[in-house]
Amino acid sequence: MHVIRSLVTLTLVLTALPIVVCAQEDSVLRKKKAREAFINGTSLQLQGERHAEAVLEFQEALRYDSSATILTAMARSYYALRRTEAAMDAVDEALRRDARLADAWELKADMLVDMGRYDDGLAAYERIRGLNPSKRQLYTLGRLYEPRDARKAIDVFEELMAIEADEGVLLRLADLYRRLRDMEGRLRSLERAAVLDRRDADIAQDLVVAYAEAGKLDNVMNLLHTWNGVDDGTQRVWAAAVSGFLGDSLLLQLYPDTIRAVAVTIRNRFSDSWQLLSMGGILAQAIQDSVLSDSMFVRAMHVSRGSAEPLMQIASTQISVRRFTSARIVAQRGRTLFPNDSRFPFMLGAIAQEQGRIRESIGFFQAATIIDPEMIEAWLQLGLQYDHEGEPDSSEAAYERVLKIDPQNHLANNNLAYALTVRGTDIPRARELAWKAVQQYPTNPAYLDTYAWVLFRAGDADRARTYIERAISVGGNATHFEHYGDILESLGERDRAIRAWEEALRKDPERTYLEEKIQKNR
527 MHVIRSLVTL TLVLTALPIV VCAQEDSVLR KKKAREAFIN GTSLQLQGER HAEAVLEFQE
587 ALRYDSSATI LTAMARSYYA LRRTEAAMDA VDEALRRDAR LADAWELKAD MLVDMGRYDD
647 GLAAYERIRG LNPSKRQLYT LGRLYEPRDA RKAIDVFEEL MAIEADEGVL LRLADLYRRL
707 RDMEGRLRSL ERAAVLDRRD ADIAQDLVVA YAEAGKLDNV MNLLHTWNGV DDGTQRVWAA
767 AVSGFLGDSL LLQLYPDTIR AVAVTIRNRF SDSWQLLSMG GILAQAIQDS VLSDSMFVRA
827 MHVSRGSAEP LMQIASTQIS VRRFTSARIV AQRGRTLFPN DSRFPFMLGA IAQEQGRIRE
887 SIGFFQAATI IDPEMIEAWL QLGLQYDHEG EPDSSEAAYE RVLKIDPQNH LANNNLAYAL
947 TVRGTDIPRA RELAWKAVQQ YPTNPAYLDT YAWVLFRAGD ADRARTYIER AISVGGNATH
1007 FEHYGDILES LGERDRAIRA WEEALRKDPE RTYLEEKIQK NR
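Just remember that my numbering sits 526 ahead of the position in the sequence shown, which is counted from 1.
Simulated from the structure, these hints should not be mistaken for laboratory data.
The following label-pair restraints were derived from C-beta to C-beta distances:
| id | residue 1 | residue 2 | range |
| --- | --- | --- | --- |
| 1 | 655 | 610 | 22 to 30 angstroms |
| 2 | 721 | 930 | 49 to 57 angstroms |
| 3 | 725 | 684 | 20 to 28 angstroms |
Beta carbons: idealized from backbone N, C-alpha and C, even for Gly.
Work the whole structure out from these sequences, hints included.
See below:
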């Protein structure tokens, strides 16, 4: 019996062996076919315009191997073909099969952000963060946080810097710390960036301004001493230092001797640069050294060979540090010496506007357009100031003039679209104008808000909701939330509308009329 049983067992083994071998061969063949189709699909995908063919190859690959990697690749081509629903289905299936596939989470996040679902996109990128993300993926997450949550963006960028220092990221960190008024973090980031490239004038400019704002005069002077040439980069660093000094009246009061030494160095070393001579003259003027300032202004005019540029530079710099009275005197002098230069009346208009003299500013801007009828900046300012003064016809006429000169001007397109929508005079044209602005600047919250409001007034509340949510995701001011509430109310979502209005009221308590809307919808 033992012999018979052994023979039976041997027979069964020998019988099954070909089946196992065939199964193994079939598995190898299937993997080979899947790999070939996947490679073909990837190759087509990389060509940019052959995504439809790539999808067919990925579908062929899925017949033999339904891996998450293939599904993600197919989703990417679907999305390139603007088949968003199919792309989302494919990437969701990929994540069901492998929830740790970072590429799938990244693709899903990118799609969600493009769809205006900013919070969901951020949540998807956060999933990547726990999956050994690449530096690029961390950078993208930081950029997503950047416009709305500076602290989280800093956290991500600092994590990235712990992996490898990068000048660009350090400069972003410096700006984020600046937004949070964290001078220590700002200086630390800029100093790290400066160590990476000590001859980068852009970094040195930012650092010297930060030192000045922090009142670290010794650091400013030490940095300036390392920039002792006369090249363009050196001039930009010294100009940044002067701007920093001019922006801090306390420094000017406490250290007049040091400030004077800087001005004298500029006069002696940069004697052929009317730009720096002009700025140095303003610096000397700020510490009441009229002899030094006058000599530098005279030299600047001589070097420029009697051009209007030094006066423009002097007035512009004084405006930038809010010395409007001095700027006005210089601009008036420029207007007298160069009566055919439209920039001087324009500058006088800008000064009057800053000082709240709107009617006077309108007169100056009009004078600029008489000298130069093609001066877009002056027409734009006229549009803004007429709107401020409650003169919609004149405002719209100014914007129309801009569009006649430059039909693609994004600001004129946006502002005219909003004006037409508020007045309800030409909604179809307003929609066309607003879309032009959004196409040029798809992440500008003001432009997204305008387009959303035009869509809402046109009766397309669903699409309006998409664009107002995008505006909030990158901006989120009181007007955006007020419009969001109105749109949600029209869609029957009263609870969410109330929350939006409450947020608008929190951001701008003067919008007391919203209280009536809130009470009406409770």
